[in-house]
Amino acid sequence: MREGEFAALLHEHAGLLSRIAASYEADPSLRDDLLQDIALALWKALPAWRGEAALKTFVARVAHNRGASHVIGRTRRPSTHGLDEDLADPAHGPESHAQLEQKRLRLQDAVRALPLTLRQAVTLALEGFSQQEIAAALGISANNVAVRLNRARKALKDALGESA
Amino acid sequence: MNPGDDWTRWSDDWQRQPTVDADRLRRRVRRKRRQMQAVLGFEWCTALFATGQVLRLLLDPGAGLRWKAWAGLALLLVSTSAYLSLRVRRGTWQAAADGMPELLRLTARRARAGIRLAWLNIASVPLLLAFTLPLAAPWLAPSRWRHDPALEHLLLVQVGINGVVIVPLLVFFAVYIRRQRRRLRQVEALLRDYGE
Numbered sequence: 001m002r003e004g005e006f007a008a009l010l011h012e013h014a015g016l017l018s019r020i021a022a023s024y025e026a027d028p029s030l031r032d033d034l035l036q037d038i039a040l041a042l043w044k045a046l047p048a049w050r051g052e053a054a055l056k057t058f059v060a061r062v063a064h065n066r067g068a069s070h071v072i073g074r075t076r077r078p079s080t081h082g083l084d085e086d087l088a089d090p091a092h093g094p095e096s097h098a099q100l101e102q103k104r105l106r107l108q109d110a111v112r113a114l115p116l117t118l119r120q121a122v123t124l125a126l127e128g129f130s131q132q133e134i135a136a137a138l139g140i141s142a143n144n145v146a147v148r149l150n151r152a153r154k155a156l157k158d159a160l161g162e163s164a
Numbered sequence: 001m002n003p004g005d006d007w008t009r010w011s012d013d014w015q016r017q018p019t020v021d022a023d024r025l026r027r028r029v030r031r032k033r034r035q036m037q038a039v040l041g042f043e044w045c046t047a048l049f050a051t052g053q054v055l056r057l058l059l060d061p062g063a064g065l066r067w068k069a070w071a072g073l074a075l076l077l078v079s080t081s082a083y084l085s086l087r088v089r090r091g092t093w094q095a096a097a098d099g100m101p102e103l104l105r106l107t108a109r110r111a112r113a114g115i116r117l118a119w120l121n122i123a124s125v126p127l128l129l130a131f132t133l134p135l136a137a138p139w140l141a142p143s144r145w146r147h148d149p150a151l152e153h154l155l156l157v158q159v160g161i162n163g164v165v166i167v168p169l170l171v172f173f174a175v176y177i178r179r180q181r182r183r184l185r186q187v188e189a190l191l192r193d194y195g196e
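From first to last, the protein sequence lines stand for chains A and B.
The numbering of the first sequence is our numbering, which starts it at 1 and goes up by one.
The numbering of the second sequence is our numbering, which starts it at 1 and goes up by one.
Among the hints, a few may not be true.
[As the list claims (entries may be wrong)] Just some of the chain B residues that point at chain A, by a computed CB distance under 7 Å:
| id | residue |
| --- | --- |
| 1 | VAL20 |
| 2 | VAL29 |
| 3 | GLY99 |
| 4 | PRO101 |
| 5 | ALA113 |
| 6 | ARG116 |
By construction, these hints were calculated from the structure, which means they are not laboratory data.
The beta-carbon is built from N, C-alpha and C at its ideal position, and this holds for glycine as well.
Use the sequences and the hints to build the structure in full.
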């Protein structure tokens, strides 16, 4: 693969890759290393892509596989962001930037705390993948994906305090 | 609230995350690729050098039968070790494009191969000692090196180097085996989860 094509691919999917890496690693410097590993895996794996799945699905699959390899065998639990109380600034209305940021961090932590098998399906659902696309990316059945997403939704609602 | 609404709302929050600088990432990947090529080149050069030295000893008409037997054993150990290292790495990059269950099965296979390789490395130390010590026995007798300062110096250097290299290596392999076993247990649990 040529450098130019690879650069274009990274530009196109930078957001997806960043968010998948963030679902596996909270520490910014370790996340940077994980992103590098994911990009390197993409460089190596891309010649094997035959177009049987959409490129975005292929990219997500490689990124998740690398992310899973990153966390498998680790004993420590994924760290979470310490939610900074100072971020909340009621003076700027209920949807101020700080509050939106808090919501985002809380969601990120809740996703990161999910078991791996649920987390992978959730991150793809949050990226707008359909159940069939998630099934293709993870190599599992669409029914299996539906069950996981249902379980994950309940777990996320509990974690975010929205279950009432 | 229906499930679709939850996902849409969370998706909006999720996608507000900061994005990596793609150009910086591409430069890091290029640097990493070069590093990996350099490491691979070094490993090949070292393996070729070791094999060359052992072959030279095997073909040296001046070397005794015992030294030739030692060289044959060393060659066998080097080749087995190289074969197992290749097996541990086999499929690493292709697997990046497989589904999760396939990746997990490969991870389990690699962990088992890694454990075998580590055990081979650990076992090679007493094995090599068992072959080397009887061969070197005449030079190791105190009556021999006490009166030969050059030999005494050589033996001290050997003990120093081997002590510094071998002990940390054994500790490293023991830790590695423990880590791989932990990895294996986790992968097997995940495979059960994916098999639901």
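Any hints from earlier that this structure breaks? Give me their numbers in increasing order, please. Structure breaks hints 5, 6.
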